[in-house]
Amino acid sequence: GEDVEQSLFLSVREGDSSVINCTYTDSSSTYLYWYKQEPGAGLQLLTYIFSNMDMKQDQRLTVLLNKKDKHLSLRIADTQTGDSAIYFCAELNSNSGYALNFGKGTSLLVTP
Amino acid sequence: DAGITQSPRHKVTETGTPVTLRCHQTENHRYMYWYRQDPGHGLRLIHYSYGVKDTDKGEVSDGYSVSRSKTEDFLLTLESATSSQTSVYFCAISGGQGYTGELFFGEGSRLTVL
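So the sequences go chain by chain: A and B. Residues in the first sequence are numbered from 1 upward in steps of one, following our numbering. Residues in the second sequence are numbered from 1 upward in steps of one, following our numbering.
Keep in mind that the hints are not guaranteed to be accurate.
[Said to hold, decoys possible] Simulated pairs of lysine-lysine, DSBU-like, Cα-Cα distance not exceeding 35 Å: (1) A:Lys104 with A:Lys36; (2) B:Lys57 with A:Lys56; (3) B:Lys70 with A:Lys104; (4) B:Lys70 with B:Lys57; (5) A:Lys70 with A:Lys56; (6) A:Lys36 with B:Lys57; (7) A:Lys36 with A:Lys70; (8) B:Lys70 with B:Lys53; (9) A:Lys68 with B:Lys57; (10) A:Lys36 with B:Lys11; (11) A:Lys104 with A:Lys68; (12) B:Lys11 with A:Lys68; (13) A:Lys104 with B:Lys57; (14) B:Lys57 with B:Lys11; (15) B:Lys70 with B:Lys11; (16) A:Lys36 with A:Lys67; (17) B:Lys70 with A:Lys70; (18) A:Lys104 with A:Lys70; (19) A:Lys67 with B:Lys57; (20) B:Lys11 with A:Lys70; (21) A:Lys56 with A:Lys104; (22) B:Lys53 with A:Lys36; (23) B:Lys70 with A:Lys36; (24) A:Lys67 with A:Lys56.
To be clear, the hints were calculated from the coordinates, so they are not data collected in a lab.
Just chain A, same shape as in the assembly (with noise of 0.2 Å):
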């Protein structure tokens, strides 16, 4: 089937922002859903947005979605060493007893 497209890596230095950007598949999916792993634990759920929206705020998180181009972005602001980890965007699919798709994620590095 088709994928979730993620950039692999984004280094940036402490302080800065990141944002890490995503292409979804299925223009009918109604929820995107951004996750974070770090070294050895599970996927952990930081934030999702409803296809209605274009713009979801969570302290320093910042989700915009682009329904026409299907594409999903997260920015940190101020990231810290302790954002570095990976993350996944996700899409809902309805077809897999509501299952997620997942992209491949992408591996955040934050130097001091």
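Fit chain B to the supplied structure of chain A, relying on the hints for placement.
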């Protein structure tokens, strides 16, 4: 944190042996999922369950079977493990339709097949 427990957390086995991974939830969620995570592939869906005794295949189901005899338990079985099944396996749960659809993940089970 959602109450999801995976066992075992780590297992090393030999090619051709059967392996069963267990996922136990205390949230009474209807939907349960097994994913595998491999470098360069992200997370891929193996099987999912939408209720007791109701299961279906995901994207990479070959070589795997599942069972769900109780709401709280979802078992993943490799009947005859192969080296290509060396991976980290994640269980996830969801309330499904009517919720916002997010999945809650367990901590993962690392399987090595020699």
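Verification of the hints:
no., hint, verdict
1, A:Lys104 with A:Lys36, "holds (12 Å)"
2, B:Lys57 with A:Lys56, "holds (34 Å)"
3, B:Lys70 with A:Lys104, "holds (32 Å)"
4, B:Lys70 with B:Lys57, "holds (19 Å)"
5, A:Lys70 with A:Lys56, "holds (16 Å)"
6, A:Lys36 with B:Lys57, "holds (26 Å)"
7, A:Lys36 with A:Lys70, "holds (21 Å)"
8, B:Lys70 with B:Lys53, "holds (8 Å)"
9, A:Lys68 with B:Lys57, "holds (31 Å)"
10, A:Lys36 with B:Lys11, "holds (25 Å)"
11, A:Lys104 with A:Lys68, "holds (22 Å)"
12, B:Lys11 with A:Lys68, "violated (45 Å)"
13, A:Lys104 with B:Lys57, "holds (21 Å)"
14, B:Lys57 with B:Lys11, "holds (24 Å)"
15, B:Lys70 with B:Lys11, "holds (24 Å)"
16, A:Lys36 with A:Lys67, "holds (23 Å)"
17, B:Lys70 with A:Lys70, "violated (38 Å)"
18, A:Lys104 with A:Lys70, "holds (17 Å)"
19, A:Lys67 with B:Lys57, "holds (29 Å)"
20, B:Lys11 with A:Lys70, "violated (40 Å)"
21, A:Lys56 with A:Lys104, "holds (23 Å)"
22, B:Lys53 with A:Lys36, "holds (31 Å)"
23, B:Lys70 with A:Lys36, "holds (30 Å)"
24, A:Lys67 with A:Lys56, "holds (14 Å)"
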